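Chain residues, written in single-letter form:
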Amino acid sequence: MNRREFFKRSLTIAGSLLIARNSNASDQPLSVYSTQNKANKKNWEKFEELKKTNSQIDESYAVLVDITKCIGCRRCEWACNEWNKNPNRPVKEFEASKDEKPSVFDRVRRTHAGEFTVVNRFHSKNKPVYVKKQCMHCAEAACLNACFVDAFKKTPQGAVLYNPSLCVGCRYCMIACPFDIPAYEYYNALTPQITKCTMCFDRVTDGKVPACVESCTSDALIFGKRSEMLKLAYNTINKNPERYINHVYGEHEAGGTNWLYISQIPFEKLGFPELDKTPIPAHSKSFLFTVKVLEVVAAAPLVWGAYYMISKNRSKKEGKKDE
Amino acid sequence: MKRSIFIIIVFVLSGLILVQARNIYSVKEKPQTIKSPANKISIAHKEVFGSLEYGRVIFEHQKHIDSLSKVLKKSDSSICSECHSQNKYGDFIFDFPKDVDRKNPESLKNAYHKECLKCHQKLNIQKQKSGPTILSCRDCHKKDYEKTEIKYSVFEFDFALHDKHVKKHNKDCSLCHHIYDVEEKNKELALFYEKGTEQSCHYCHDLNQKRGPELSKIVKIAKERDLNMERACHTLCLNCHLSNKEQGKQAGPVVCSKCHTEKYKTVEDLKDIPRPEREQPQKAFINIEDAKMKGVAFDHSFHEKNNKTCRECHHETLRACKDCHTVKGDEKGGFVNLLTAYHSLNSKNSCQGCHRTAMNKNDCYGCHYFISPVTTEIANKEVCKRCHTGKKEIEKVSLLTIPSERVKKAVVIKHIEKEFEATKMPHYKMIQKLTDVSNQSKLATYFHRDITTICRGCHHKSKQDAEAKKDNPPICVSCHSVSFDSNALGRPRLESAYHTMCIKCHENMKLEKPKKCTECHERKKN
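Line by line, the protein sequences give chains Y and V.
Residue numbering for the first sequence follows the numbering used here, beginning at 1 and increasing consecutively.
Residue numbering for the second sequence follows the numbering used here, beginning at 1 and increasing consecutively.
Keep in mind the hints are simulated off the structure, nothing from the lab.
There may be inaccurate statements among the hints.
[Said to hold, decoys possible] Only some residues are given here: those of chain V computed to face chain Y with a beta carbon under 10 Å: (1) S4; (2) I5; (3) F6; (4) Y369; (5) S486; (6) S496; (7) A497; (8) Y498; (9) K504; (10) C505; (11) E507; (12) M509; (13) K513; (14) K516; (15) T518.
[Unchecked claim] Keeping only pairs whose Cα atoms sit at most 25 Å apart, straight-line, the calculated SDA-like set for lysine to any residue is: (16) K73(V) with F59(V); (17) K220(V) with C313(V); (18) K504(V) with N126(Y); (19) K98(Y) with F59(V); (20) K322(V) with I218(V); (21) K231(Y) with C351(V); (22) K516(V) with I67(Y); (23) K504(V) with V482(V); (24) K127(Y) with K433(V); (25) K239(Y) with K322(V); (26) K418(V) with S215(Y); (27) K127(Y) with E522(V); (28) K231(Y) with V482(V); (29) K525(V) with P90(Y); (30) K239(Y) with C455(V); (31) K515(V) with I71(Y); (32) K328(V) with C351(V); (33) K125(Y) with P514(V); (34) K391(V) with H355(V); (35) K292(V) with L270(V); (36) K225(Y) with D58(Y); (37) K210(V) with Q128(V); (38) K98(Y) with S496(V); (39) K525(V) with P87(Y); (40) K231(Y) with K418(V).
Just so it is clear, the structure is predicted and the values come from calculations on it, not from any experiment.
Using N, Cα and C, we set each Cβ at its ideal position, and we do this for glycine too.
For reference, chain V alone in the conformation it holds in the complex (with noise of 0.2 Å):
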């Protein structure tokens, strides 16, 4: 008997811990997140409530202007007023509710209920179906909605289609284009349009960049009025777009998922677009007084076709390079002096950082992922002369050619002969298409002068000024031993010296052969 009840104790206490811990060690369910939302926007103001009560309420809004529209017999442009509210020129601004304390929680929430239940009620009065009207919490904040999260992609007003408004308004930049006067007292005049001061929006209203002195004045005052990107696009773009479809006209989209498509233009479909004019030479020269070395010269206009945007080197104005960072550097530019700006290895918007995410690309990568970049300290007088030339014309380069009677068709290895069949290497194919790939390339084009440059890939580290005396280059058996060599640690023996030199390329090239270790060297059979 008392055993029994001893048994019956230690099955409940050990249910008891098992329900304990599921509670404990089970994983929260992370939100589903809806890509293609279809018109509906998620409320739930983190940045004032925190994390609510009942989660969050997903909106329908298409659905409201529709019922809306239906009910009150306008049109869908007309009826924005309704919930939202409009400045003294006829501008709307995209809140809800109308005039409340968005700082204040309290308020917020009551001024949601109020609003949204006001409109509801009023319907049901007149017998028209309408939403939920009686204060029922999970009406609206449906248990679902807790586990959806609602995401709309970014939207990217690219080149193509600045070119469209741009065309449309007959170059009229004032439409969109605007600028903050800080000095200016009378702040209903501080925002104008001056011509030739056109940037991007993103200077200003982004406020998650960190700016310089001069910008974050502005930068601040556009935080105190709550105009991030968000909500400076939607009332610029969408009042434009609404005013013009009331006029009749032809408008652009004022629903959601027309603008945020998820879809974006690369470079190469932008290749045609014109760039905007804003007086930006088409080939300058890079000439600094009190600097040490020769002027460059800079072919302005085909960089504009290989961006996206100007702010991938433009970052923080759409001015010179120079008019910001100094020769020794100083507050205006971050006291990033202008050799930085230019030569930094790790700016996306510095020339030589950003020529070398491009050597990244799979065809360059196969050399130049053993080709250690060159620093402005350890530089040589060849290097820096490539750009450096303090000629205000670009140099003509001509593509590359293979002296066809000095290079070997194929190279055979026979240095494991006692275990492998020799390797036959295709030496000729080899450097037809790394000096095909350079030749498809504007920047290999201008970097690579020489074919030797491409010989350097696979014959590195070698004295250039001795070898262009002698015949051949060195080969690799020269530098690499065969065996142990302990007087150099750091350099590979000749078998490694193979290996890592083809696996790496290759595999770096994304070339699709060899895969096996036999493709290369076969087996001997014995």
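If we strip away everything but chain Y, and leave its shape as in the complex, we get (with noise of 0.2 Å):
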């Protein structure tokens, strides 16, 4: 066996024992390395079943997030990772995160599998100020346009689903996510998993309120219908105008988003992107348009020069070898 061979060898059975190991993954329990979390896949399932029954829905649904009220706790997260059933630690050593030394906080962290929300936290004044981050839900999503599968739906109740049955794992939406969302479970290579929030749709559409909205210790999370909790937002800041700036952070950003945000301080300062009015997808639409219709007129007159130029070539060589 010389050199060359041994490497193909042990490649194939490399390789073997890969494909072998995941395509029974699922029987398996609990892997260190991936956290198997089928929280969006039921989500899905769910959307499915209920658009065979053709329940009508008048208006999305929204979260209303009062930054000036977070004490960070952390509770949602734990709540969060509680119902989707993500790895999860007791709910203590959340709380305590606030007062230890060092601490979750000190730097500011981002979504990622097993971990739909995170709190950060900011300074301003000296005085903590703590954000929530997840999926925001826009009613014009950047993920869903850049999926070439169509593995994300926009439901009618302002979740926005994603489909780990269709998704081939290329990850255009995280790119595309101008909020930083979509999380990847970078383990598996064969069962592409894209993990984000998903609003709770299986709660909500059973009428209770997300997990992270029932577990806030200090209503900095209220749920209900968007323009209910616009006009709330609006009253409040209304009522306190010294207390809070004058936005409601997602009331327009990128085309409306169904988590809306209230503060004290410029979202600048609280790592949420200035985005203006046009919804992200906006930005590619026409060109992907003119890439559909390029497709589309020029596929033809392309091919048939494709197998011209073969033709030729061919006819060529033949000609050279006839000589």
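Starting from the two chains in their separate frames, assemble the complex, guided by the hints.
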């Protein structure tokens, strides 16, 4: 056996082992490498199911986050993990992080597989400001538009849902999202999965409020119809003009989102991207459309051209051979 | 061979790109500001020259005075005329160079170069020590100066200094105060002193403020003569100080750093200083003839002592509010009607605006963070009556006392008992602290008439009349439900009500405790 042969064989064995391990991964207990989270899948199935019943929803829901009220207990994180069956720790440890040194709050975190929401700490005038981060559930979602297999859907309830069975794992959605939300399970090559907040679609359709909202100990999170939430947000701002800046983040940002924020300090200082009213997909829509048009119009001449070139080449070669 | 040439070209190109990028992206250094410049003056005249070709000159004013007086063997104070011109009354106009068109950049530049060099060269010929003598730009316009900026802190002529001047000059106000008659044809007679018209320099000489129709005519003239606050004060103060010094009398400072000290007195420091007398009433009765409301008794002398300047209320002239602000509002008062003039929440000059900023103090803000200010549109009779008594005498208000038999000593909160130990809230101690805070402030004492006012800091939004009949105010759980109530989305749940109110009050009052969650509720051990 020479060197080349050795490499070939060892790679084949390794590859087949890998494939074999992944093919029956679903039967195995939770792996240390992967969260094996089913929340996104479960919500998608519920969505498919509900589509058949043809129930009418007149208006989407929204969550209003009052940043001035949040005390940083991280119970929303715990409740989210608990409901979505993500890897979890005792709630005690979540609460303690507020006073701990060093603490998880020391750096600004982002969502990742197994953590659909995170609370970050910022500082303003030496006072801590806690900001919850999760999927904003855009009205015209960038992830939805970037996905070429249509694995995302915007539900009439407001949630942007994800279908893992369609996903090919390209992670375009991760690049497209202006809020840096979709996370990816990196440890599994064959059954790719993006994970993100589902706005507790399963709970909402059962007439409950999202898990994080229910667990909030300071009513920093309020759930209701989007128009009502906007009304409430502006009511709060108008009543206390010196306690809030006159801006409801998410009302217009990226074409409107189903999570709304009000705050006492400008949102740029709290890690929110500065966005205008244009939905993110609007930036790429026209370009992607021309690509499609080009595909339709130019496909035939291109194929013909390629065929012509090949045949010409072949005849040339054959001519050469003949000589 | 070809490959090596290619690599060299790539290297050179990338080097060029890097150099270019550095030029584009490098941040321009901000000039370093000297806060206490030790009598140096920055000469740039931005308003005439715009940006200077060779950057600013930093001029050592005191050094020039010292060396000139040594050479000319004259006293410090008589030397000013060497550089500065005098008007016919013998007052210096602190401009340099003398007699030049200061609006024309070319002539101003030439005058500077000519005057500076003339003097330097003269001294040089006499074999004296002198500054740069030949025209080499960087001798004066040093490269370092481009990075330094000179800024004198604003000088505040506070009541303590005013009082000192009043006493020294035996109440002769005419030395400083004057008015300007716009109607007077003879311009020389237009500026004169009239007793009873004394007011702040700012009114006419602060050219940055927007003024009403009457004052803006005078301000316009001040602007034409380029008499902004800086020049007006320097001319007035320094000339007087200099002539006093000349005559060998006790004189005020003439050196920059003696006035521009960056030290300011607080209201507390000025507490015992008598305020200027200008026939203002000690106690006033504000009663507007055709107004709907009853008159308000106003303690003018108390408010004088609580402000650093008269301008804080009398923003345009030292006249009464109603002189400019009429009931309906007109041009004279900037179309601000009398109601707004007294009650505007956003103005620094109005009663309510000022009282509101007072409520933002740490001591008060614990409760007042949650209490939205009363506006004239929604105020009720009770609230208006506090000021609009209709009596000429100010109401005497007694201090608050706690009816100890009615107030609970401690309240135990047990509603999260499953996870946490019960929280013991020192109810009586809290009320005691708040009552003390209220009793220490005259403003608070006047408006907090009843001990229930303190209660309402926490037991808010309750119907006062209904509770008067009952013994106990409503407790939190009476309104704030434990679980999510979809009918009242704006109303916090019980846990949230506690968290929001307790934490925000402690935060706003800057209280030391509690810092940690466990300082209020200990987790149950099991």
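Here's how the hints hold up against the structure:
The beta carbon of S4(V) is not positioned within 10 Å of any beta carbon in chain Y (closest approach about 34 Å), and the interface hint is therefore violated. Interface hint status for I5(V): violated, as the beta-carbon distance to the closest one in chain Y is roughly 35 Å, over 10 Å. Because the closest C-beta pair between F6(V) and chain Y is about 31 Å apart, greater than 10 Å, the hint is violated. Checking Y369(V) against chain Y: minimum C-beta separation of about 7 Å stays under 10 Å; hint holds.
The beta carbon of S486(V) comes within 7 Å of a beta carbon in chain Y, closer than 10 Å, and the hint placing it at the interface holds. With a cut of 10 Å, the hint placing S496(V) at the interface with chain Y holds, because the nearest CB-to-CB distance is about 3 Å. Restraint check, A497(V) versus chain Y: the minimum CB separation of about 8 Å is within 10 Å; hint holds. Interface restraint check: Y498(V) against chain Y, minimum CB-CB distance 9 Å, threshold 10 Å, status holds.
With a cut of 10 Å, the hint placing K504(V) at the interface with chain Y holds, because the nearest CB-to-CB distance is about 8 Å. Nearest Cβ of chain Y to the Cβ of C505(V): about 13 Å, over the 10 Å cut. The hint is violated. About 7 Å separates the beta-carbon of E507(V) from the nearest beta-carbon of chain Y, less than 10 Å, and the hint is met. Violation of the interface hint for M509(V) is found here, the shortest Cβ-Cβ separation to chain Y being roughly 13 Å, above the 10 Å cut-off.
With 10 Å as the threshold, the beta carbon of K513(V) stays out of range of chain Y, its nearest partner Cβ sitting at about 13 Å, so the hint is violated. The criterion of a C-beta within 10 Å of any C-beta in chain Y is met by K516(V), whose closest approach is roughly 4 Å, and the hint holds. A hinted interface residue such as T518(V) counts as satisfied when its beta carbon comes closer than 10 Å to some beta carbon of chain Y; here the least separation is about 8 Å, so the hint holds. For the given pair, K73(V) sits about 22 Å from F59(V) by alpha-carbon distance, which is consistent with the 25 Å threshold.
This hinted pair checks out: K220(V) and C313(V) have alpha carbons roughly 23 Å apart, not beyond 25 Å. Distance check on the hinted pair: K504(V) and N126(Y) sit about 15 Å apart at the alpha-carbon level, within 25 Å; holds. Only pairs whose Cα atoms come within 25 Å are accepted, and K98(Y) paired with F59(V) is rejected, the gap being roughly 55 Å. Restraint check for K322(V) and I218(V): the C-alpha separation of about 22 Å stays at or below 25 Å, so the hint holds.
Between K231(Y) and C351(V) the CA atoms are separated by roughly 32 Å; this puts the pair beyond 25 Å, and the hint is violated. In summary, the hint linking K516(V) to I67(Y) is supported, as the alpha carbons are separated by about 19 Å, within the 25 Å threshold. Of the supplied pair hints, the one linking K504(V) and V482(V) holds, its CA atoms being roughly 20 Å apart against a limit of 25 Å. As the CA atoms of K127(Y) and K433(V) are separated by approximately 24 Å, the hinted pair is consistent with the 25 Å bound.
Proposed proximity of K239(Y) and K322(V) is contradicted: the alpha carbons are some 31 Å apart, above 25 Å. Restraint check: the Cα-Cα separation between K418(V) and S215(Y) comes to about 15 Å, which is no more than 25 Å; the hinted pair holds. Among the hinted pairs, K127(Y) with E522(V) is consistent with the structure: their alpha-carbon atoms are about 24 Å apart, no more than 25 Å. For the hint pairing K231(Y) with V482(V), the CA-to-CA distance comes to about 24 Å; that is within 25 Å, so the pair holds.
Our distance criterion of 25 Å between C-alpha atoms is met by K525(V) and P90(Y), whose separation comes to about 13 Å. Between the alpha carbons of K239(Y) and C455(V) the distance comes to roughly 22 Å, so the proposed pair stays at or under 25 Å and holds. Distance check on the hinted pair: K515(V) and I71(Y) sit about 12 Å apart at the alpha-carbon level, within 25 Å; holds. At most 25 Å may separate the alpha-carbon atoms for a hinted pair to count; K328(V) and C351(V) meet this at roughly 19 Å.
Restraint check for K125(Y) and P514(V): the C-alpha separation of about 19 Å stays at or below 25 Å, so the hint holds. Using a Cα cut-off of 25 Å, the hinted pair K391(V) and H355(V) holds, with the two alpha carbons roughly 21 Å apart. With a C-alpha separation of about 38 Å, the suggested pair K292(V) and L270(V) falls outside the 25 Å cut-off, and the hint is violated. For the proposed pair K225(Y) and D58(Y), the alpha carbon gap of about 10 Å is at most 25 Å, so the pair holds.
With a CA separation close to 51 Å, the supplied pair K210(V) and Q128(V) exceeds the 25 Å bound. For the suggested pair K98(Y) and S496(V), the alpha carbons sit about 17 Å apart, so the restraint of at most 25 Å is met. Proposed proximity of K525(V) and P87(Y) is supported: the alpha carbons are some 24 Å apart, at most 25 Å. Proximity of K231(Y) to K418(V) is assessed by CA-CA distance (about 36 Å); at most 25 Å being required, the pair is judged violated.
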